[in-house]
Amino acid sequence: MILTEPVLNETDPEVFAAIQAERLRETESLVMIASENYASRAVMEAQASVMTNKYAEGYPGARYYGGCEFVDRVERLARNRANTLFDSEHANVQPHSGSQANMAVYLSCLETGDTILGMDLSHGGHLTHGSPVSFSGKFY
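Quick note: to get this note's numbering, add 267 to the position in the sequence shown (first position is 1).
Worth double-checking, as some hints may not be accurate.
For lysine to any residue, the following SDA-like pairs were computed, each having C-alpha atoms within a straight-line distance of at most 20 Å [stated by the list, open to error]:
hint : residue 1 : residue 2
1    : K321      : H357
2    : K405      : V360
3    : K321      : D339
4    : K405      : Q361
5    : K321      : S302
6    : K321      : M299
7    : K405      : H393
8    : K405      : G385
9    : K405      : G365
10   : K321      : E342
11   : K405      : T395
12   : K321      : V338
Simulated from the structure, these hints should not be mistaken for lab results.
Construct the entire structure; sequences and hints are all you get.
Structure follows, in C-alpha cells:
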C-alpha cells in the first residue's frame with residue numbers, strides 16, 4: 268500500500284461530495300429504518316481499514332487463501348466477544364444478508380402455513396417479512 272496516494276476528495280471529488288452530503292443528511296435526520304442503523308466511529312474506522320483488502324473465505328485457521336492470520340485474529344475476537352455477550356459456546360460472526368438471516372430463522376422456527384406478522388413495505392417492512400413476492404409470503 269502506498270501511503271502517499273491522493274485522498275478521495277482529490278481523486279474523485281464527485282463521490283467525495285456525495286459522501287459528505289450523505290453524512291450531513293444523517294446528522295440532520297432521524298432514520299427509523301431498522302436496516303439503516305448508524306455505525307459508530309470505531310466501526311466506520313475498522314470497515315475503512317486495510318482489512319477490506321483481504322479476501323478471507325472459510326473460517327479462522329482453515330481459509331482457502333494464505334495471509335489471513337490478522338483477519339483470523341479479528342474474527343476470533345468477534346466470536347469470543349459474541350460468546351461472552353450471549354453466554355454461548357459457539358458463534359458465527361460472518362456476515363450474511365438480512366434476507367438470508369430472515370430465511371434461516373423462518374425455516375428453523377416455522378412450519379409452512381404458519382402466520383407471521385410483518386409490516387407493510389410502505390410502512391418500513393421488508394420483502395422477507397411476508398410480502399407476496401417473497402418466499403416468506405409464499406410459505407407463511
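K321 and D339 were given as a pair; does the straight-line alpha-carbon distance stay at or below 20 Å? Holds, because 11 Å separates the two Cα atoms, which is no more than 20 Å.
Is the straight-line distance between the alpha-carbon of K321 and that of M299 20 Å or less? violated, 33 Å
Between the alpha carbons of K321 and H357, is the straight-line distance 20 Å or under? violated, 24 Å
Between the alpha carbons of K405 and G365, is the straight-line distance 20 Å or under? Holds, because 18 Å separates the two Cα atoms, which is no more than 20 Å.
Satisfaction of hint between Q361 and K405, Cα-Cα up to 20 Å: violated, 28 Å
Is K405 within 20 Å of H393, Cα to Cα? holds, 14 Å
Take the C-alpha atoms of K321 and V338, compute the straight-line distance between them, and say whether it is at most 20 Å. holds, 8 Å
Would the hint linking K321 and E342 be met if the CA-CA limit is 20 Å? holds, 13 Å
K321 and S302: Cα distance at most 20 Å? At roughly 25 Å apart (the allowed maximum being 20 Å), S302 and K321 break the hint.
Given the hinted pair K405 and G385, is their alpha-carbon gap at most 20 Å? holds, 14 Å
What's the verdict on K405 and T395, does the C-alpha distance respect the 20 Å limit or exceed it? Given that 20 Å is the threshold and the Cα spacing comes to 10 Å, the pair holds.
Hey, K405 versus V360, does the alpha-carbon distance stay inside 20 Å? violated, 29 Å
This entry does not satisfy hints 1, 2, 4, 5 and 6, going by the numbered hints stated previously.
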